[in-house]
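4 protein chains.
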Amino acid sequence: MSKWFPNTVRFEGPSSRNPFAFKHYDADAVVAGKAMRDHLRFAACYWHTMRGSGADPFGAGTMRTPWDDGSDSVENAQQRVGVFFEFLGACGIEKFCFHDRDLSPECATLAESEAALDRVVTTVRAEMERTGAKLLWGTANLFSHPRYAHGAATSCDPRVFAHAAAQVRRAMEVTHELGGEGYVFWGGREGYQTLLNTDMRREREHLARFLHMAVGHKRAIGFTGQLYIEPKPCEPTKHQYDSDAESCLNFLREFDLLGDLKLNLEANHATLAGHELMHELIVARDAGALGSIDANRGDTLLGWDTDQFPTDLYLTTQVMLVLLSMGGFTTGGLNFDAKRRRESFDAEDLIHAHAGAMDAFARGLKIAAAIIDDGRLADFVRTRYRGWDEGLGGAIERGEHSFTSLDAIAKSQGAIELESGRQERLENLLNEYI
Amino acid sequence: MSKWFPNTVRFEGPSSRNPFAFKHYDADAVVAGKAMRDHLRFAACYWHTMRGSGADPFGAGTMRTPWDDGSDSVENAQQRVGVFFEFLGACGIEKFCFHDRDLSPECATLAESEAALDRVVTTVRAEMERTGAKLLWGTANLFSHPRYAHGAATSCDPRVFAHAAAQVRRAMEVTHELGGEGYVFWGGREGYQTLLNTDMRREREHLARFLHMAVGHKRAIGFTGQLYIEPKPCEPTKHQYDSDAESCLNFLREFDLLGDLKLNLEANHATLAGHELMHELIVARDAGALGSIDANRGDTLLGWDTDQFPTDLYLTTQVMLVLLSMGGFTTGGLNFDAKRRRESFDAEDLIHAHAGAMDAFARGLKIAAAIIDDGRLADFVRTRYRGWDEGLGGAIERGEHSFTSLDAIAKSQGAIELESGRQERLENLLNEYI
Amino acid sequence: MSKWFPNTVRFEGPSSRNPFAFKHYDADAVVAGKAMRDHLRFAACYWHTMRGSGADPFGAGTMRTPWDDGSDSVENAQQRVGVFFEFLGACGIEKFCFHDRDLSPECATLAESEAALDRVVTTVRAEMERTGAKLLWGTANLFSHPRYAHGAATSCDPRVFAHAAAQVRRAMEVTHELGGEGYVFWGGREGYQTLLNTDMRREREHLARFLHMAVGHKRAIGFTGQLYIEPKPCEPTKHQYDSDAESCLNFLREFDLLGDLKLNLEANHATLAGHELMHELIVARDAGALGSIDANRGDTLLGWDTDQFPTDLYLTTQVMLVLLSMGGFTTGGLNFDAKRRRESFDAEDLIHAHAGAMDAFARGLKIAAAIIDDGRLADFVRTRYRGWDEGLGGAIERGEHSFTSLDAIAKSQGAIELESGRQERLENLLNEYI
Amino acid sequence: MSKWFPNTVRFEGPSSRNPFAFKHYDADAVVAGKAMRDHLRFAACYWHTMRGSGADPFGAGTMRTPWDDGSDSVENAQQRVGVFFEFLGACGIEKFCFHDRDLSPECATLAESEAALDRVVTTVRAEMERTGAKLLWGTANLFSHPRYAHGAATSCDPRVFAHAAAQVRRAMEVTHELGGEGYVFWGGREGYQTLLNTDMRREREHLARFLHMAVGHKRAIGFTGQLYIEPKPCEPTKHQYDSDAESCLNFLREFDLLGDLKLNLEANHATLAGHELMHELIVARDAGALGSIDANRGDTLLGWDTDQFPTDLYLTTQVMLVLLSMGGFTTGGLNFDAKRRRESFDAEDLIHAHAGAMDAFARGLKIAAAIIDDGRLADFVRTRYRGWDEGLGGAIERGEHSFTSLDAIAKSQGAIELESGRQERLENLLNEYI
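Residue numbers (the working numbering), protein chains in the order written: chain C, 1 to 434; chain G, 1 to 434; chain P, 1 to 434; chain S, 1 to 434.
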């Protein structure tokens with residue numbers, strides 16, 4: 001039993017009223033041919049979980065972390081690692097994600113920062129071995145330090161590019177050493193605050209250059225994990241270049257990187273861009289680029305990244321419908337890039353937050369599997385497009401028509417009677433399973 | 001003098017208080033080496049100007065159009081054409097844009113609709129010859145008729161695809177016959193209302209197929225005008241595939257159409273997508289794809305396409321800064337895809353609306369030219385990125401570095417002192433010229 | 001059995017897969033001490049159901065209404081009434097709402113319009129008697145006709161005020177004659193498009209004057225139904241004066257109308273104003289002004305009134321939690337001010353849409369009742385504020401303290417240890433019942 | 001000359017290209033019968049100017065403040081005060097605003113915090129005497145400390161209410177001692193994160209109780225300055241009770257506080273609430289409650305409080321039009337509650353930012369005065385409503401009509417021909433002066 005998280009969450013079934021029990025997530029239970037744990041591949045994030053203070057633009061931190069002495073020492077950092085793995089155990093979460101500077105402090109020089117990171121990573125490795133937890137992906141923090149104020153790979157100052165390169169180099173190596181399955185690029189400062197002082201073309205080219213170097217380094221060190229890029233439209237800058245799934249795909253295509261990077265999609269980032277997460281997932285899936293998911297949710301009536309825990313069953317069902325449609329994750333997983341509200345400052349709130357979200361995804365999985373098993377939804381869509389399977393539609397798809405040949409058909413085919421889209425009927429069908 | 005527009009707008013200079021005079025737009029005046037008319041290439045749109053009734057989702061039409069007998073007859077359609085060219089003359093607008101079904105009625109059959117269109121086009125041609133007005137671009141209305149409820153090129157029903165193909169075929173030919181400089185695709189129904197009933201992958205493939213046919217037809221008929229695609233994120237559907245500049249570029253790259261289509265960008269569509277128009281212009285410019293502009297503005301506190309006339313000098317200055325930076329339009333122009341408010345129902349309101357917008361762009365042109373002439377803005381940006389012109393930055397740009405070589409540099413280069421981005425200073429500089 | 005709606009929806013229980021069956025709404029089943037029908041008081045609206053064409057700003061109507069000859073005749077209007085009551089029967093909806101001009105046509109003169117209305121109302125009354133359906137509330141359409149372009153009660157032209165007064169006079173009398181339980185004011189044009197041409201102070205005073213006349217007329221004719229005002233922030237104008245619950249309350253307080261009008265709250269209007277419906281319900285409830293609900297939902301990623309059918313169980317649960325907390329409706333009900341998507345054009349889509357929404361509210365009712373029965377949610381809130389029940393908090397509430405006396409207490413009370421807000425725990429609790 | 005701000009900004013006229021000169025703000029120049037300084041009553045805020053670090057949710061502070069030793073000592077706090085008054089002098093700003101905890105540190109106990117504040121206030125007083133600068137208003141920071149996580153006056157814990165009361169008591173006394181003309185309440189934590197754990201009714205009652213105590217204390221100490229309440233809709237909480245002008249007015253009316261508090265309106269808070277600042281100003285003005293203005297601007301494409309410097313001439317013109325229409329400020333002023341972008345980290349950026357905003361307001365003043373002098377705008381509005389000045393409209397305004405009497409008029413008055421609202425014409429008129 002954990003000192004800091006005395007309540008270990010276990011599956012007790014839907015009728016349990018124990019707030020520290022799973023009602024739906026039963027890791028070994030088989031749904032749609034696979035254990036829940038293998039479908040969902042839950043990960044906790046180190047940054048919000050261990051380093052989130054609860055500070056916001058109008059107030060100081062509130063979180064109660066009695067294990068943390070508040071210092072920037074390596075020892076304190078190592079101490080936190082132990083607590084994190086206790087937390088993973090208490091929640092039954094088997095994977096995690098980190099930034100380099102979450103784990104260990106930024107020191108006076110880059111070399112010192114690396115040395116500190118190495119020492120903390122040693123503790124991480126030991127904890128991974130002790131507990132069996134795995135690294136879903138790693139990343140480098142290229143946005144918090146003032147040197148990144150004008151961007152990292154897109155900074156107007158090439159020395160910053162060099163610093164960022166060095167940081168990613170080591171973060172990728174650490175990820176590799178810890179057996180990570182992926183590495184994420186989130187460009188929180190790779191954008192602009194005003195177009196007046198910005199050379200967008202040059203900045204985007206530098207970003208592409210940076211990612212090509214990352215691909216090269218990956219090969220150089222033999223890292224076989226998946227590289228991901230993470231879309232987000234605004235915040236902290238007015239505009240980030242990786243603003244949504246399609247802007248990322250456009251960038252990857254333009255700079256010949258689509259074979260090397262997939263997308264790490266986040267619900268809150270999708271809604272900030274004006275899209276539903278399901279839209280972004282399908283866009284990515286259809287481009288062969290759906291890599292991993294930052295599982296959270298936003299508040300669509302608020303205009304910033306609230307990073308709330310995903311408990312909406314409509315959201316979790318939609319995610320699982322898309323995931324099941326593509327055969328599930330390969331290297332990716334559901335990483336809870338989510339934070340407790342500032343007012344939920346007890347350690348036990350970490351447990352409530354994660355356990356509730358895990359249950360919500362377990363239900364989403366069961367609901368999605370049931371809808372697929374039911375078959376009516378997929379049948380409806382297939383039937384709706386049946387005109388494209390043969391005859392006129394088939395010929396068009398095969399490239400056998402031109403405007404001229406279609407003109408003749410259009411003039412002879414008579415009035416067109418469409419079929420209803422039945423949106424309300426399909427929404428009801430979803431509710432039958434929720 | 002026009003019967004319906006008795007006030008012809010002429011240049012009287014900045015001190016004029018005549019509401020029917022230009023204070024800034026002097027067509028022949030040379031700015032930055034070219035006559036204003038050749039920089040601005042103003043066009044009026046037939047749809048809002050002649051066919052906009054003022055109806056909205058909560059009320060009937062209000063516009064007073066005494067020249068229109070309210071019927072769907074070809075004669076009435078021809079009568080409207082004459083009024084439109086009177087209007088162009090009264091405003092000093094030398095170009096125009098149209099949809100096929102704006103000009104002439106949708107009839108019982110496609111063949112009848114085409115015959116009606118041909119008769120009205122004859123009148124248009126005569127008016128063009130009489131007045132010297134030119135066609136900036138044409139397009140087909142693939143969104144108003146119920147047959148397009150599920151999309152046109154992306155309909156689930158291939159018969160609709162065929163009908164749309166026939167309509168574009170003829171609209172492109174008419175555009176060609178009238179000497180049009182371009183042809184626009186706006187996919188108002190090419191999207192979805194719900195992902196539940198939609199096969200997005202297949203729909204996007206059909207859209208690409210449709211555009212490839214358009215490219216083929218263009219070549220077949222010898223039309224050398226520019227094809228454009230017009231981004232808009234939502235409205236009327238929940239999502240259109242051409243949602244913003246980058247989603248369009250991604251689509252064009254994916255389906256190998258980037259060589260054949262440029263973008264027609266609209267201010268209100270940009271803000272609905274969460275972007276400033278200037279952002280969209282630069283994205284397009286940097287991809288070599290800035291084709292034409294639908295000059296209007298939205299209300300960023302409202303969530304739909306208000307299509308207001310562009311009178312904001314910040315907006316017009318930004319547009320002209322980008323246009324001047326790329327050497328101006330080639331085939332494109334500033335098309336006022338804008339409508340009077342529903343409460344501005346007099347014919348003279350059409351004049352106020354267009355004349356005010358023309359003046360606002362004339363000022364934007366003069367302001368942008370002055371800022372470029374001043375040189376401080378461009379100097380600031382150039383200086384800001386000077387580190388990339390040689391030394392470390394130059395080597396990175398030339399591909400001479402890897403993460404490993406940069407790591408060594410980063411470890412030796414010491415702390416980085418950035419330079420201020422000076423956003424406020426640059427905003428003040430802009431105000432010096434507005 | 002209805003000619004146009006051959007499928008009568010009946011309760012078959014949660015395991016039914018019949019799309020034309022209720023899975024949860026069992027009108028006579030008792031929940032929390034009352035029959036479902038008496039909790040939910042469902043109403044259908046005449047406007048969307050019978051008059052919604054599916055037209056949108058970019059396209060013509062799509063709805064298939066074979067019973068409607070498309071004319072503006074009184075006979076056609078009467079024919080529609082019969083179909084509407086068939087529809088109510090097929091869905092098991094026992095109440096309805098209407099605008100005067102939904103029922104019958106706008107004629108050349110006000111007197112003719114009234115005469116037409118009277119004839120159609122005769123048919124309505126006969127159908128009400130035949131079927132037992134009741135009128136939840138009536139209203140007058142003061143927004144569609146061009147005369148209302150500048151507002152009705154807030155028009156700059158007093159003749160429009162007079163016309164609106166005459167229209168409301170008759171609509172209120174008809175509501176009274178049909179035994180209506182309420183009368184609604186929605187001010188779709190009572191606002192402005194631009195502040196430049198608007199005297200807001202005077203317009204708001206005219207609106208207050210109008211409502212005082214309405215109160216007077218209500219008394220004069222002996223109508224004892226409840227008057228409601230309906231908040232909505234924008235669309236069709238840039239701003240309506242009744243923009244949200246608090247702006248309405250402010251207005252009612254300013255002009256001494258709070259005793260005479262309650263609020264008719266709509267989900268989509270709440271989200272357009274940036275609020276959750278639950279927020280608006282609580283604001284109104286706490287002011288003693290929660291009257292009735294327009295049950296629909298918006299798409300928070302779109303910026304206009306989508307008026308979708310409410311199928312989100314979180315939404316329906318929240319509504320029912322507030323309603324149960326205030327003892328349920330008195331004169332109000334759940335009026336489906338919602339429309340099928342433009343692509344759902346079959347008559348049967350009307351049934352799917354309403355039946356699904358009714359089921360969603362039935363589940364919301366059962367879930368809310370279960371949460372109240374469980375008691376933990378209410379206990380948590382009560383406990384959270386316990387400091388205010390006695391001691392320091394009690395004394396403050398009783399008015400026994402000043403800044404000076406509290407200063408002394410603050411200086412002696414030592415550091416304050418707050419309790420966690422437990423938001424995530426409470427969100428999980430909700431999910432236990434959904 | 002200031003050590004830290006070597007460039008003193010002086011008026012050099014519109015043709016100056018000196019970035020450290022005013023082009024339009026000439027403090028003593030008379031516009032519309034009064035010196036510019038007396039119209040504009042500029043104030044700088046202590047918090048952003050001296051305490052803004054440039055930290056954001058994704059990064060550390062960037063601002064270069066070589067005068068600040070980074071400690072929480074009183075001596076450091078006093079040192080900052082001197083720098084602030086140097087800054088005011090360099091910019092020619094004659095007023096300022098502060099929070100208690102901006103000036104001096106939060107100490108271990110309330111008594112110690114007060115003692116620290118007193119020592120810093122002594123320095124402030126000396127600097128005010130030395131420089132002649134005046135205090136526009138003071139306030140207390142009731143949102144940054146963790147004790148306020150659940151609110152201050154609306155906390156679920158009455159001890160927090162007591163602490164807040166003590167803090168406001170002293171902040172108000174300090175404001176009084178320094179000759180402040182007003183005192184502001186901004187309730188950044190007076191709202192909720194989730195309705196699930198909130199008793200909104202009770203919280204609003206506590207807030208009213210708190211404000212009544214403030215009114216009592218004001219009288220007790222003989223402070224004759226104006227109390228203000230500041231609307232803001234969201235951020236940092238999901239919802240604050242003072243969400244916009246009308247919600248504040250509703251609250252003040254409900255709890256009988258409208259005679260004691262006016263509104264302090266902020267541009268960015270207005271747009272976050274979905275309103276233009278001009279709307280909020282008019283709402284407040286018409287209720288006799290327009291007190292003071294926090295002069296900044298937001299980015300309407302971003303969903304949080306960007307607090308940018310107000311350089312948009314449309315915005316400053318609108319503000320000055322409303323201010324001139326009410327005869328100008330009495331106790332209030334234009335307080336630059338605005339911050340440099342995080343990337344503008346040099347001390348000189350503070351000067352650019354303020355000087356540019358002052359110039360923008362000076363131009364707004366001149367433009368507004370010219371539009372008023374021109375007279376056409378006001379004439380248009382007056383003429384538009386002329387029907388209400390006598391005849392039918394006059395009788396309605398005097399209360400001489402009922403629905404019944406108006407019905408008779410409506411039936412006899414014939415069809416109504418409205419006049420155009422001329423929005424585009426009026427927008428052009430504005431541009432004639434910008």
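The set of hints was computed from the structure by calculation and includes no laboratory data. Treat the hints with caution; some may be incorrect.
As the list claims (entries may be wrong) - Only pairs whose alpha carbons sit at most 16 Å apart, straight line, appear in this in silico EDC-like list of lysine to aspartate or glutamate:
no. : chain 1 : residue 1 : chain 2 : residue 2
1   : P       : Lys366    : P       : Glu106
2   : S       : Lys134    : S       : Asp38
3   : G       : Lys134    : G       : Asp38
4   : C       : Lys411    : G       : Asp38
5   : P       : Lys95     : P       : Glu12
6   : G       : Lys134    : G       : Glu86
7   : C       : Lys134    : C       : Glu86
8   : P       : Lys3      : P       : Glu397
9   : P       : Lys411    : S       : Glu129
10  : S       : Lys411    : P       : Asp346
11  : G       : Lys411    : C       : Glu254
12  : P       : Lys411    : S       : Glu86
13  : G       : Lys411    : C       : Glu112
14  : C       : Lys366    : C       : Asp286
15  : S       : Lys134    : S       : Glu75
16  : S       : Lys95     : S       : Asp118
17  : G       : Lys34     : G       : Asp379
18  : S       : Lys411    : P       : Glu75
19  : S       : Lys366    : S       : Asp286
20  : S       : Lys366    : S       : Glu400
21  : C       : Lys411    : G       : Glu86
22  : P       : Lys95     : P       : Glu129
Stated by the list, open to error - If the Cβ cut is set under 7 Å, some of the chain G residues that face chain S in the computed set are:
no. : residue
23  : Thr311
24  : Leu315
25  : Phe345
26  : Ala347
Beta carbons: idealized from backbone N, C-alpha and C, even for Gly.
Right, here's what the structure says about each hint:
1. P:Lys366 x P:Glu106: 43 Å, violated
2. S:Lys134 x S:Asp38: 13 Å, holds
3. G:Lys134 x G:Asp38: 13 Å, holds
4. C:Lys411 x G:Asp38: 41 Å, violated
5. P:Lys95 x P:Glu12: Judged against 16 Å, a Cα distance of about 22 Å means the pair is violated.
6. G:Lys134 x G:Glu86: 14 Å, holds
7. C:Lys134 x C:Glu86: 14 Å, holds
8. P:Lys3 x P:Glu397: 63 Å, violated
9. P:Lys411 x S:Glu129: 32 Å, violated
10. S:Lys411 x P:Asp346: 40 Å, violated
11. G:Lys411 x C:Glu254: Roughly 32 Å separates the two Cα atoms, so the pair is violated.
12. P:Lys411 x S:Glu86: Violated, at roughly 35 Å.
13. G:Lys411 x C:Glu112: Between Lys411 (chain G) and Glu112 (chain C) the Cα gap is close to 10 Å, so the pair holds against 16 Å.
14. C:Lys366 x C:Asp286: Roughly 24 Å separates the two Cα atoms, so the pair is violated.
15. S:Lys134 x S:Glu75: It is violated: about 23 Å lies between the C-alpha atoms, which goes past 16 Å.
16. S:Lys95 x S:Asp118: It is violated: about 20 Å lies between the C-alpha atoms, which goes past 16 Å.
17. G:Lys34 x G:Asp379: 24 Å, violated
18. S:Lys411 x P:Glu75: It is violated: about 24 Å lies between the C-alpha atoms, which goes past 16 Å.
19. S:Lys366 x S:Asp286: Not OK: Lys366 (chain S) and Asp286 (chain S) at ~24 Å, beyond 16 Å, violated.
20. S:Lys366 x S:Glu400: 43 Å, violated
21. C:Lys411 x G:Glu86: 35 Å, violated
22. P:Lys95 x P:Glu129: 12 Å, holds
23. Thr311: Check passed: Cβ of Thr311 (chain G) comes within 5 Å of chain S, closer than 7 Å.
24. Leu315: Result: violated, 11 Å to nearest chain S Cβ.
25. Phe345: Nearest chain S Cβ about 6 Å off; hint holds.
26. Ala347: 10 Å, violated
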